[in-house]
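**Q** As a plain string of letters, each chain reads:
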Amino acid sequence: MATFGTLSSRLTDALKGLRGKGKLTEADVDGTLREIRRAMLDADVSLNVVKSFQNAVRERALSDEISKALNPAQQVVQIVNDELVTILGGQQRRIEFAKKPPTVIMLAGLQGSGKTTLAGKLAKWLAKEKHTPLLVACDLQRPNAVTQLEVVAGNAGVAIYAPEPGNGKGNPVKVAKDSIKYATDKLYDVVIIDTAGRLGVDAELMKEAAEIRKATSPDEVLFVIDAMIGQDAVATAEAFQKGVDFTGVVLTKLDGDARGGAALSVVSATERPIMFASTGESLDDFEPFHPDRMASRILDLGDILTLIEQAQQTFDSAESAKVAEKIATETFTLEDFLEQMQQLKNMGSIKKMMSMLPGSGQMKAQLDNFDESEITRTEAIIRSMTPAERRNARLLNGSRRLRIANGSGVTVTDVNSLVNRFEQAAKMMKSVAQGKVPQVPGMGPIPGGIGGARPKPSKKKSSKSGNPAKRAAENAALGQRTTSGSGAGFGLGAALENPGGVGEMSAEELADMQKLLGGR
Amino acid sequence: MADKKSWGLGSKLRGMFSRTFVLSDDTWDDLESTLLAADFGPDVTDELIDAVRASVAKIPPLDENDFLRLLREVLEERLSRFDTTLNLKDRPAVVLVVGVNGVGKTTTIGKLAKFISTAGRSVVLGAADTFRAAAVDQLGTWAERAEVQIVRPQQEGQDPSSVAYQTVEFAVANGIDVAIVDTAGRLQTKSGLMDELGKIRRVIEKQSPIAEVLLVLDATTGQNGLVQAEAFLEHAGVTGLVLTKLDGSAKGGFVLAVQERTGIPVKLVGSGEGIGDLSGFSPVGFAAALVE
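Residue numbers (the numbering used here), protein chains in the order written: chain A, 1 to 520; chain B, 1001 to 1292.
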């Protein structure tokens, strides 16, 4: 589900030609820009935006302001990235809450862009942020939209105001207006108004939306748009801007494989920020939109920042401090290992996290094959050990290992390989804790976690054969890699020269860590 | 439809020849921009321009209208390579409707049911979208409007395949002509949900062959439409396309690439929220509407 996956792979291809060249010529730049133009058009970025993007990149690539510290390929990547960030909005913005509650948020958009579902997600998210949202059913047009919102509200565990049955009956402007009074009386601090979907060319419905806006004077009007939309994105966005004048954009269905060029188009046409991204069918698949991160995701550098943020949220910080200390003092046990794995599971779908890592474009296929049950199996093995064994892996003699294997339904070989991996992990983590990680802020406490999340096929590739000599050689190679830090994770280190250095570093480290859990 | 100005390319294309009729580089650039803006996509746009160039080389156009006529012919020729008739000969004729979220599946079914029942055939709808909140009720409302029967799931969250089975069973038992089965919207990237479509197919086929599997595509979709069609063809064996939301400003040019790449013809066109806003697909009309 690497969002923008195909755009990033096209851009990566386009930029590959530039690698290894000593000097950037005009012909180089033009050739690359042609590729970028095609890639962007394929990604449904609107033509005008593509043109201005090209011009901006070209101008900067050929001017003298560029840094002498970077090689030409890095320079173009840097410029393309900068420009993408500029178009995507430069910096993110949060919802502006009214000084005097209730804060009113109105949703508008085309039919089928996902407004009603989004209303639920937004409400749930707000409730999590300690607000008391009220959903208001103003889509009285589409058959049973009101019922849908009621169900969504129930699932999200939030209140709903739906005085009209819908299906063409009732006056949405009045409902919207009344809802504010209702919210004030009942002390709801955020009102989310779900409106009927309408086409940009439908003057009558557009007028109705404008009237709802006028009647409720919302603090935010969010324009909900489907990431799959094509060249029409600009026309639609402009029509809505003229009709209701939205203050922010929400991008939905980002879990599909649409390249999502619409994001670029809408933002540059309307100069309104994308505030949220909706990434799945569950009510929790909703996150604030990060333009800078999205831009680096386009360049296939991965959204490592989001990943770290998610990991940190799940990882209790006191807990991780404890683990870090244990690692440093070599008292890291199988019990800690197990705990870490459980926390990892809490982080939600591993696949989802993986797709945010650098180079996920190339890893997409591997991700699809990744089997999370690997972790479950490892967990089962550890759980079959006695507490004493968990604390001291040296206790594990042949007969204990056989008992564990029988208890967890695996073979002794599996137990052996887990113990080996654990020992390597402990060693590895120690070296990490002693100072390799600080280059990736926030990564320190989670080395084992990330390692566990590596996709299975590559594990297989890198895992040991039955041949003990070969295995020893592989282990030796692994050890070497750990110390020299020159391994290329999935061949990415070589394929991805990245200007920041962050992605590259972590790609290598992660490649090492990957071995720790996955040795089957 | 042609009276809706925003829909056609013509106004834009005419701008090319505002003063005198000269086929300059600008003309071709404008043509390219116009075709790209209509979501034909870069590849098809290049092909179309080459085709128009070839025609122009053979018969130089006399004026603007002549040039537009050439373009229209190129489009028509490429759009009309496929058979657009809806095949409903079986009894019961089972129609399975699939697509991604929010493209207008349920609305299309409502319109199609009305269309068929107006033509004097009996219809039953199967509410196999048991996932989305209130989807069953939404289809129920359409069933009332179209005055046709509906088979609802007996309990919440019932397996969609079993609803599909019961729908066909109902159609067979009551001698109903057409059974239309609604499915939940699913993104083509969700492999588990895509496999579910295969299951629904297999379960229906135990009783009756499937007459049509219609993939509903939203005209506002960009180049992702092609990926959608390929995925749904693979998992659900799509036999026809329905292009919806053509009443907006989107032109849906991507369907040309979809037709050619997958060989699935566009069979129906939806252009509004009214129950009568559904028509058969006519390549000539579509090309004319794009150009006029």
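The set of hints was computed from the structure by calculation and includes no laboratory data.
Every residue, glycine too, gets a C-beta built ideally from N, C-alpha and C.
Honestly, I wouldn't trust all of these hints.
[Stated by the list, open to error] Only part of the chain B face toward chain A is listed, based on derived beta-carbon distances under 7 angstroms:
no.: 1; residue: V1056
no.: 2; residue: A1057
no.: 3; residue: Q1138
[Stated by the list, open to error] In silico negatives: residues of chain A with every beta carbon more than 10 angstroms from chain B:
no.: 4; residue: R38
no.: 5; residue: P143
no.: 6; residue: G243
no.: 7; residue: A262
**Q** Taking the hints in turn, state whether each one holds.
**A** Against the structure, the hints come out as follows:
The beta carbon of V1056 of chain B comes no nearer than 23 angstroms to any beta carbon in chain A, farther than 7 angstroms, and the hint placing it at the interface is violated. Restraint check, A1057 of chain B versus chain A: the minimum CB separation of about 25 angstroms is more than 7 angstroms; hint violated. Annotation: interface hint on Q1138 of chain B holds; nearest CB of chain A at approximately 4 angstroms, less than 7 angstroms. Once the 10 angstroms rule is applied to beta carbons, R38 of chain A is inconsistent with being away from chain B; the minimum gap is 5 angstroms.
Its closest Cβ contact with chain B, about 4 angstroms, brings P143 of chain A to no more than 10 angstroms, contrary to its assignment away from the interface. For G243 of chain A, the shortest C-beta to C-beta distance to chain B comes to about 13 angstroms, beyond the 10 angstroms cut-off, and the non-interface label holds. Its beta-carbon lying about 7 angstroms from the closest one in chain B, A262 of chain A breaks the requirement of being farther than 10 angstroms from that chain.
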